[in-house]
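Chain by chain, the residues run as shown.
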Amino acid sequence: MSPYARPKRDRALSVVLLSSAALAASLIVLILVFVFGEARGALRAEGFTAFLTDAGWHPTDGEFGLLPMAAATLATTLGALVMAAPLGIGAGLFNALIAPRPVARFHRALVEVLAGIPSVVFGLWGLVVLVPLIGGGERSGQGLLAASVVLALMILPTIALSTEAALERVPRELLQGAAALGLGPVACARRVALPAARRGVIAGLVLATGRAIGETMAVLMVAGNVVAWPAGLREPLRTLTGNIALEMGYATQEHRSVLFVAGLVLMLAVALLVVLASLFGGAPTATSHGGGASSA
Amino acid sequence: MSTPSHLACLLLLASTAISACGGDAAAGRTETLILTGSSTVAPLATELGVRFEEQNPTIRVDVQSGGSSRGIADARSGHAQIGMASRALKASESDLAAETIARDGVGLIVHASNPLTSLDAEAVRGIYTGKITDWSELGGTPGRITVVNKAEGRATLAVFLEHFGLESRDVHADVIAGENEQAIKTIAGTTSSIGYVSIGTAEIDIEAGIEIKLLALDGVPATTAAVADGSYPMARPLNLVTFGDRTDWAQRFIDFAHDPKNADLILRESFVPISKP
Chain A
1 MSPYARPKRD RALSVVLLSS AALAASLIVL ILVFVFGEAR GALRAEGFTA FLTDAGWHPT
61 DGEFGLLPMA AATLATTLGA LVMAAPLGIG AGLFNALIAP RPVARFHRAL VEVLAGIPSV
121 VFGLWGLVVL VPLIGGGERS GQGLLAASVV LALMILPTIA LSTEAALERV PRELLQGAAA
181 LGLGPVACAR RVALPAARRG VIAGLVLATG RAIGETMAVL MVAGNVVAWP AGLREPLRTL
241 TGNIALEMGY ATQEHRSVLF VAGLVLMLAV ALLVVLASLF GGAPTATSHG GGASSA
Chain B
1 MSTPSHLACL LLLASTAISA CGGDAAAGRT ETLILTGSST VAPLATELGV RFEEQNPTIR
61 VDVQSGGSSR GIADARSGHA QIGMASRALK ASESDLAAET IARDGVGLIV HASNPLTSLD
121 AEAVRGIYTG KITDWSELGG TPGRITVVNK AEGRATLAVF LEHFGLESRD VHADVIAGEN
181 EQAIKTIAGT TSSIGYVSIG TAEIDIEAGI EIKLLALDGV PATTAAVADG SYPMARPLNL
241 VTFGDRTDWA QRFIDFAHDP KNADLILRES FVPISKP
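Each protein sequence line maps, in turn, to chains A and B. Residue numbering for the first sequence follows the numbering used here, beginning at 1 and increasing consecutively. Residue numbering for the second sequence follows the numbering used here, beginning at 1 and increasing consecutively.
Just chain B, same shape as in the assembly (with noise of 0.2 Å):
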């Protein structure tokens, strides 16, 4: 074995991993609370439980992401004490109670170089659907239309299809992604692209200088302004889902995450706050 080449290859990874470390006290943390599913809500979650951990020094909070279904289906099975959906509950989830901590809407956003402002509900199905195929026929600069559409299981996608009105298999897609992250980096990246993510995602990072840009749905702006007074029509809520009895941490977290004095953080995240005194 050669030992200087590969001593040296071993110092340079060492000292790039060695920068990136970061400290934790994890000595006396002896419960851990899990929280898994939607990819929106999973980065709201990850804050409220690094505060959480803060006050209470003996639980460990940990997120994991993978869609609202996920988190239903872990909350059913028990995997999670709560699982996180982006969306209402369906009838057949009525054997689970959920909890709405925020409101968010889902926005359409296409490259920050598209010169279109705002699209209504018949071109975006035009547009998903395959009939619209160039953003010419929108007006914009000519180009064929990447659509990005999300994977199933997302509650993103059930929130887009049925507020237009679609089902899954009538959507045309050229590239599907899973989380919203995902979905973001490729629009950035592909200046004819269109897909839709949730607006506090994307408003967090339009403010980090990600190139895209937020289009209005029927001339209604998403913003979360417009989410908060009701006027944008495709909002839905945050929701921490749980099955049965809850146990005492998802109890306490749960009115963690109501507590208005926490609210900061979900203001921080670019959603309205839905806060219970």
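Only chain A is shown next, with the shape it has when bound in the complex (with noise of 0.2 Å):
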């Protein structure tokens, strides 16, 4: 603290720069405590093992079982990273170390007006053109593929655009070190940048992960919304956020509770998200000052 006297300005600042700290970060704290306080009246009914262990959902019977439903959510999460992340960490690669500035310029500017395409387009565009090419016309193609596809979609830009700007980040003298050593682009890439932009890259699959997580409009229209495990590519399944989607409009009292106890589940999977890309993004981006300080 500076021993003389903050100007006005400089305290009118802080304190301003505080409030709206502090606002978001109790914003998520209200709505964790809603979405709970919603969630107790099912939780203390049923027993959070009903949720578990219920045979089926059949809610106007009383039946509660979330974990066909939370399977299809990791399901089609995985399914759309497995296919998003390299693409995007590649793309990201392309437009920070290869790409000739012009090229990365029109590159970024398309991968952005990708990132924003509202989801309910995507949805459209996979129940109209996607859904019946994975079918085949004789089938149903309204299942676990393409449900990834257009997730896959969505999280693509995010990936790309924080894994260029990881790299961006990554000190000059880093890669300059490794072209003297006489390493080629696809070694430098894989030994020196990417393990140095290791954090921010890792951010970004976290941010895409949070976002696949919890999209629902898209899912909804070409993923089948039957109630099952998720058993095939071309089978049907129905995650938990296209399922409260599908049942919030008409839900009543206990009903509605339990949907919040999907939403709850939700809420934690992400958090738990943040805790182990805490743990595992732990190294931070190499400083300028030649070292890689590699804390694991």
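Derived by calculation from the structure, the hints in this document are not laboratory data. Mixed in with the good hints there might be a few duds.
[Stated by the list, open to error] Which chain A residues face chain B? A few, computed with CB under 10 Å, are given here:
hint, residue
1, Pro102
2, Leu127
3, Arg238
[Said to hold, decoys possible] With a cut-off of at most 20 Å between alpha-carbon atoms, the simulated EDC-like pairs for lysine to aspartate or glutamate come out as follows:
hint, chain 1, residue 1, chain 2, residue 2
4, B, Lys90, A, Asp61
5, B, Lys213, B, Asp95
6, B, Lys261, B, Glu53
7, B, Lys131, B, Asp170
8, B, Lys213, B, Glu181
9, B, Lys213, A, Glu138
10, B, Lys131, B, Asp120
11, B, Lys131, A, Glu173
[As the list claims (entries may be wrong)] Covered stretches of chain B, going by a simulated chain A footprint (3 or more residues, C-beta under 8 Å):
hint, segment
12, 176–182
13, 190–200
Glycine residues also receive a C-beta, built at the ideal position from the N, C-alpha and C atoms.
Join these two chains into a complex; the hints should help.
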């Protein structure tokens, strides 16, 4: 703290920024408290294990087995990541390290536009174009593969843009040192650039996964919406988010409370994700003080 | 930030957006009438709403779908002044008042290339409970049947289950659709599929060239005419549902729907008008 009195403007700015931060943080807490409050009714009435062990999802008959839908959310998210992560990281690498400046600028603009497309548009495209393609006309293509592809398209820009930003923050000296040692572009990317940018890349992946877990509308239109364990690429499934969207409009009392339990599960999943990411993405981006201080 | 490439993308999107813009003098519309519920009734309510707005410059009619159960829940909670339901009210809904403005049927639809023209009740039960799995068992071209069912909370599902004496958990579906149009698009894209939707909605889409066709049920063709003369077995009323005291605008809208002068809108949606002159 400076020994001099801080000018009024600086103090005012501190206050404004502190209030904004407090407001944002309190919103998260309030939402969590609200969701938990609404879910408490069902948790008390049914007990937590009912949601894990009930045979099927028949809310009007008192059966609340959430596991198949949780598995469906997991499956579609993983499927999307498997497709989008390599493509996204590759696109980021291309833009940051290989592409000439004008090409990189244009490519980045395209990716940013892709990021801005509303999810329901992806859903519509998926239903009208992708699903018949996957089904081949004979059977319905609504299912795991369609949902994963649509999700992958939505999270691809996030991964690409954050990978590119993270790579740009890698100090030039590291890359020059790698070049001086005779490393070609592939080895440099694999051994120097990506490890140095690890934190940013993982942050991008966490953001993308969070979005994939929470995506509702597009998945609802192409996933088939049958409550069942993920059985195959073309078999239908229903995600937790899709279920909430389908049933919230008319659910009363206990049913509504059960849907909030599903919402709680989703929030906890994302929280777990963030914790895992901070554990594994631990190494800070290398500073320019000549040393990859790799503390695991 | 790269200005030229961003500008190019933006101009491309803007030109497509501007061409899709319509115009609506929203100024001066101070009051709103909200209807929510059945996706079968929603297009009809929208058309009625447009003409209602033309004749009443101060009101704005807002129609949202979401299923008949949502319409009933919203009418009770007050979120909507009128709920739309494509079925008769149940005994547990005796606290609500229903005004029938049209009649409609629930028809079975298959892809246009399917050679079958009729199904009987036993066949439908067998298909939907998973006992009949291939079209060849019914005399059609061999292929695994893709069963399209409607989501819970939809009146079309309730009418279907009641007519065939099935429970929701008995049905083994391959795809669950929310809105009528989602079911229709799914069936138009899959040659081996079967589903059920509002006959009015299906007739309109068939006329528009969508590749589906309606099957006769127990020998009775699934047409609006058959619903009108009462011969089609799986018929249901299209209701506007209110809770408690009706607002002035709600009553006027319901009277407007009953007016024989507006029966042409109902006929245009391929429903059977119920007029109270």
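Each hint tested on the structure:
| no. | hint | result |
| --- | --- | --- |
| 1 | Pro102 | 8 Å, holds |
| 2 | Leu127 | 6 Å, holds |
| 3 | Arg238 | 7 Å, holds |
| 4 | Lys90(B) / Asp61(A) | 17 Å, holds |
| 5 | Lys213(B) / Asp95(B) | 39 Å, violated |
| 6 | Lys261(B) / Glu53(B) | 15 Å, holds |
| 7 | Lys131(B) / Asp170(B) | 11 Å, holds |
| 8 | Lys213(B) / Glu181(B) | 14 Å, holds |
| 9 | Lys213(B) / Glu138(A) | 17 Å, holds |
| 10 | Lys131(B) / Asp120(B) | 15 Å, holds |
| 11 | Lys131(B) / Glu173(A) | 69 Å, violated |
| 12 | 176–182 | holds (count 4) |
| 13 | 190–200 | holds (count 4) |
Against the hints set out earlier in the document, violations occur for numbers 5, 11.
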